[in-house]
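**Student:** Next come the chains, spelled out residue by residue.
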Amino acid sequence: MLMKKNLIFRLFLPMVLFTLFHSCIHDETLASSDPASKEYTNKSLWKEDEKYIMNVMKIYQDNELKIKKSNGIPYWNYATTVDRYDESFLIVPVVENGKVVSVLQVPRHQDKVYFVYTFSEPDLQFFQNLLSSRLKKAMKTMSDETNKLTCSTLTYSVWHPDSESNSDPSSGSGHWETYHVTRCSFSQITECVGIVGPDGECNEGGGGYDYPTGGGTGSNPPNPPNPCDKLKMQTSNITFKNNITSLAGKTSDDYESGYRIGNNSDGTLQNQILQNKPGSQQVDLKAFSNTITIMHSHYDGLYPIFSPGDVIFFNQWIVWAQNWNAIPTNTPKIPLNNLTFTLVTSNGNYSFNFDGTAATPLPSYTQQQLEDLDRKYSEDYLNNAVTVGNVSGNVSYDMDKLEKQFLKFMIDKMNMAGLKLYKTTESGNIKLDLVNGNRTATNCP
Amino acid sequence: MKKILLIIQFLSIFTFCNAQIYPLNTSPSDIPSNAYIKDTNNELDKYVGMWKGVWNGKILFLELRKIKTYSSIPNDTHPYYKDRILGERKVIASNGTVEIDRITNFDIQSPEFSGIGQSLKNINWKRLYFYPKNMCRKTATLDITNFTGNQMTLHFEYLPSIIDPNCQHNAYVDQYGDFPINFPKDIVLTKQ
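Residue numbers (this note's numbering), protein chains in the order written: chain A, 43 to 487; chain B, 264 to 455.
None of these hints come from the bench; they were simulated from the model. We put the beta carbon where it would ideally sit given N, CA and C, even for glycine. Take the hints with a grain of salt, since some may be wrong.
If you only want the chain A side, here are some residues facing chain B, beta carbon under 7 Å, derived [as the list claims (entries may be wrong)]:
hint, residue
1, Lys-154
2, Gln-323
3, Leu-327
4, Ala-400
5, Asp-422
6, Val-437
7, Lys-450
8, Asp-454
Construct all of the structure, not just a fragment, from the sequences and the given hints.
**Tutor:** The structure is reproduced here in structure tokens:
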């Protein structure tokens, strides 16, 4: 009886699997409609923001002579809004003689849309295979977890049979190959007054095309992100959170460690460990033009808040980035207000960011002045937040008082206009200020 | 008589304004600008003097003085006076060569040692801060792990810093994992 049951099971299993398999395969047929047709039929593997696609399609058709910068025809049926449904972005393949020759990106900034031709090889490949008649299956769409959408990755696999005579994956041999496209929304897009480039950079000049607003989600262009939004974008992604966990495990070392997070040109994040020299207690806080976040730890035995050296570093970073942006040929431009400097300690984590338009450099301190800053920071201001320890002599801190003393120290001794201090917790950021000499904490969701 | 009273009143106000004195543990946040955080209880006096110790055959002299300091920080919007312990050192090699002598010309504006602070390693310890010269602005702490009045034990630890690619000591640091700082990690000093 058991043998019989097993036999039935074995006979039916391939059939069940075959049925399941086919249910998630999108079998493409190009012949069903003209891909260059002026009517839109969604042939993407994903749910799309069809309203935006149709609106952009119309703008393109009305202004084709002015917009067209490349041979070929946009295949609107294959346009994808990369998991965005707020009428903000699409990419569409431009095809000539059956070959994808460029990819047109169309971001919306307020009530204007911009047409940017790109020629990135992975993107061309992505659409070329999407247009093919081979078997495809869409994979799960990956999105950044922040509700202010940052990055989305569309992935699909294409079945490449070993022999064209048998292209059925259930019976013929072959392999699946995966293609993906990732798009990130950078804050520059909302700040940009010109054309937003393929990597979110802002290229000055060049007007956009009017986007019809009124009705639907597009009627209210998104507000420019506020400082809390900008900070959240940096402090809620998974790379940042993993780094926090890693650095939190290093607070009992006797040297500092750190990470540098940067934007890759394809929109993904790059994460690098900061070089350090444990013996001489040195860490390499170096920023590049793509650096967006720098994180480091203060081990136990140091004040669990930024040091005067950290304040000087952050000031130099912002001023350097500002000078970088001032050189017209330097691209992409650095979003000054997004740069985040985070500190991890056993007593909580803190972040600096810059909420201003122009940064002023702190004085170029002499060694004597630096010593004086250190002396007043360590011996006078923060000293007061040390509380009576336990019998073993361990030091503890009145953290509210420490934050107050630190804010007062910064205002008195090394004030930098636009510098903001936040407490960065698992549940979000809290802005810390000194109002009439008292520490205030405001949620910064 | 009225005039005399007025003069006394004026003088007392003047004296009061000038004598904004606060004890040593007062936070600068709680005082007006140009006030004086003074060692009213003479708790710093016990550190003052010439201290001597030996390590690796070398002799270390550490002279500590109590000095009323002010501010050298540019754009300091809240300067104040404070009594501190400031120090300089002299290092003599075993062959008698004087390797470092900053005591002869004690620099009260920018000395190598400053205190007295609270150790952040142990609540029962006090600490000196060490700002060695020509070390690419590298700094350290000296925790006073034992103090008897005529003896004190110092424990040295670097404070962290950012790698300076232009530091002239980088090759030495890479080779030895340390700066050529010419100072012991641990030493017992005796008051002279």
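**Student:** Each hint should be assessed against the structure and marked as holding or not.
**Tutor:** A quick look at each hint next to the structure:
no. : hint    : in the structure
1   : Lys-154 : violated, 43 Å
2   : Gln-323 : holds, 4 Å
3   : Leu-327 : holds, 5 Å
4   : Ala-400 : violated, 17 Å
5   : Asp-422 : holds, 5 Å
6   : Val-437 : holds, 5 Å
7   : Lys-450 : holds, 5 Å
8   : Asp-454 : holds, 4 Å
Going through the hint list in order, the structure does not satisfy hints 1, 4.
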